[in-house]
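K.L.:
Single-letter residue listing:
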Amino acid sequence: QVNLLQSGAALVKPGASVKLSCKASGYTFTDYYIHWVKQSHGKSLEWIGYINPNSGYTNYNEKFKSKATLTVDKSTNTAYMELSRLTSEDSATYYCTRSTTYYFDYWGQGVMVTVSS
Amino acid sequence: DIQMTQSPASLSASLGETVTIECLASEDIYDILAWYQQKPGKSPQLLIYDASSLHTGVPSRFSGSGSGTQYSLKINSLQPEDFASYYCQNGLSAPLTFGSGTKLEIK
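As they're listed, the protein sequences go chains V and P.
Counting from 374, one number per residue, gives the positions in the first sequence under my numbering.
Counting from 39, one number per residue, gives the positions in the second sequence under my numbering.
Keep in mind that the hints are not guaranteed to be accurate.
Stated by the list, open to error - Listed below are the simulated DSSO-like cross-link pairs for lysine-lysine, each with C-alpha atoms no more than 30 Å apart in a straight line:
(1) Lys396/V with Lys77/P
(2) Lys112/P with Lys145/P
(3) Lys80/P with Lys392/V
(4) Lys141/P with Lys416/V
(5) Lys440/V with Lys80/P
(6) Lys440/V with Lys77/P
(7) Lys416/V with Lys112/P
(8) Lys80/P with Lys438/V
(9) Lys77/P with Lys416/V
(10) Lys77/P with Lys436/V
Quick caveat, the hints were computed from the structure, so don't treat them as lab data.
Chain V on its own, in the form it takes in the complex:
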């Protein structure tokens, strides 16, 4: 069955970077785009961007263009998102999810990132 397994929770210091992973299984990795979505505590969902695992093409929400970098490793069916120059505003739960068009049919379990000194 389809599964998107995300890395564990992260506690990082302000100004640092963190790299989150999302390992896909149960389907052909290159057949679906991988998207990343941010959810601040108790708030709604924000789309960060997506990567095409086949070509490596990325499309970012302008708001996150200088914050997030999306990559994939096709050899391990894993997608990554690196968040840089972290501030308290980046403390949130981050989800990876997949799509062929615009809607997301499977989601990772989410990873909580806490930015604190």
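Starting from the known structure of chain V, arrange chain P on it as the hints suggest.
P.N.:
Below, chain P without anything else, positioned relative to chain V:
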């Protein structure tokens, strides 16, 4: 960016009731709209796509309708597992945007 205005922000209802959640897009999104359900501490789950198509495995008491800029999610005969938060999502153009959410609580 297309703004998605969702209402109400919260809703109290009883088991067996029927409820409707609305989503208003800032421009015509041509039915390119999805609905998700999210339970506390869990990932969102797809319910509806293309405004009215039911995702595989979703109970038929859920239905979506609308066109242009106005869309709605209807839940018939509320079950205990339906008490959760619901989000609409624009898929017409990037950036993909979500509504602010509706929290459905038991009365």
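K.L.:
Each of the hints needs a verdict: does it hold here or not?
P.N.:
Hints and how they fare:
no.: 1; hint: Lys396/V with Lys77/P; in the structure: holds (23 Å)
no.: 2; hint: Lys112/P with Lys145/P; in the structure: holds (18 Å)
no.: 3; hint: Lys80/P with Lys392/V; in the structure: holds (22 Å)
no.: 4; hint: Lys141/P with Lys416/V; in the structure: holds (11 Å)
no.: 5; hint: Lys440/V with Lys80/P; in the structure: holds (25 Å)
no.: 6; hint: Lys440/V with Lys77/P; in the structure: holds (28 Å)
no.: 7; hint: Lys416/V with Lys112/P; in the structure: holds (22 Å)
no.: 8; hint: Lys80/P with Lys438/V; in the structure: holds (27 Å)
no.: 9; hint: Lys77/P with Lys416/V; in the structure: holds (13 Å)
no.: 10; hint: Lys77/P with Lys436/V; in the structure: holds (27 Å)
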